[in-house]
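K.L.:
Sequence:
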Amino acid sequence: MFKNILKQWQKKKLFDKKFDFLFNESTKDEWVSLDCETTGLNPKKDEILSIGAVIIKENKILMRKTFNIFVKPSKNINPESIKIHHLREIDLQNAVEPDEAIYKLLEFIGSRPIVGYYIDFDMEMISKYTKKLIGIKLPNRRVEVSSIYYDIKKTRENYGFIDLKFDTIMNNLNIPTLGKHDALNDAIMTSMIFLKLKNLSKEKKNHF
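Note that the sequence shown covers residues 1 to 208 in the UniProt record's numbering.
Be aware that one or more of the hints could be misleading.
What the hints assert, rightly or not - In silico DSSO-like links for lysine-lysine, alpha-carbon gap of 30 Å or less:
| no. | residue 1 | residue 2 |
| --- | --- | --- |
| 1 | K104 | K28 |
| 2 | K202 | K154 |
| 3 | K7 | K131 |
| 4 | K196 | K154 |
| 5 | K11 | K45 |
| 6 | K165 | K45 |
Think of the hints as simulated: they come from the structure by calculation, not from any bench. These numbers come from a predicted model, not from an experiment.
All chains should be modelled from the sequences, with the hints used to inform the complete structure.
P.N.:
What follows is the structure, encoded as structure tokens:
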């Protein structure tokens, strides 16, 4: 009830009604797995450098439906931050303006729920731009894979410390890594985690 009221309130605040589609009923059994590379970890002052996303439909990752875009920063990249996101000035030579990147992203994700690893951060980063461009934060439902993993692990083992590092979750679920950590690869690997957890949640006797 409250969520519906909140969505209606957000919808009324849209600057441009062509983005009403963000509030459409989402297609059953479809999600978007998303990841951002940023200049830092503070949504208030840091910027998005790249966004990767892929559509999940039922139990399939639609590799023909991926989104991968580089975003122009407003200033030169801090050399220290390159150690985190691994993006150099040369990698961003063909990057697009932030407004263009966000508009394209909104068209790609539509009203689908957004899957991610510590997705609150990515959503806050994106919402910083959408609030300026269309008047609202990103309204899509969030699906956090580390929370699903934690709940399943806790229910089945019910003791001890649970390591929620990305690589640990991948290893424990026997999911192969895709090489370097960039936005698109991380989005694809996160979608693999989501599907594995989705299936494991149906197999009550299967411990991991």
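K.L.:
Does each hint hold? Answer for all of them.
P.N.:
Each hint tested on the structure:
1. K104 to K28: Holds: K104 and K28 sit about 22 Å apart, inside 30 Å.
2. K202 to K154: Distance ~15 Å between K202 and K154 Cα, so the pair holds.
3. K7 to K131: 15 Å, holds
4. K196 to K154: 16 Å, holds
5. K11 to K45: Holds: K11 and K45 sit about 26 Å apart, inside 30 Å.
6. K165 to K45: Answer holds: K165 to K45 is near 25 Å, not above 30 Å.
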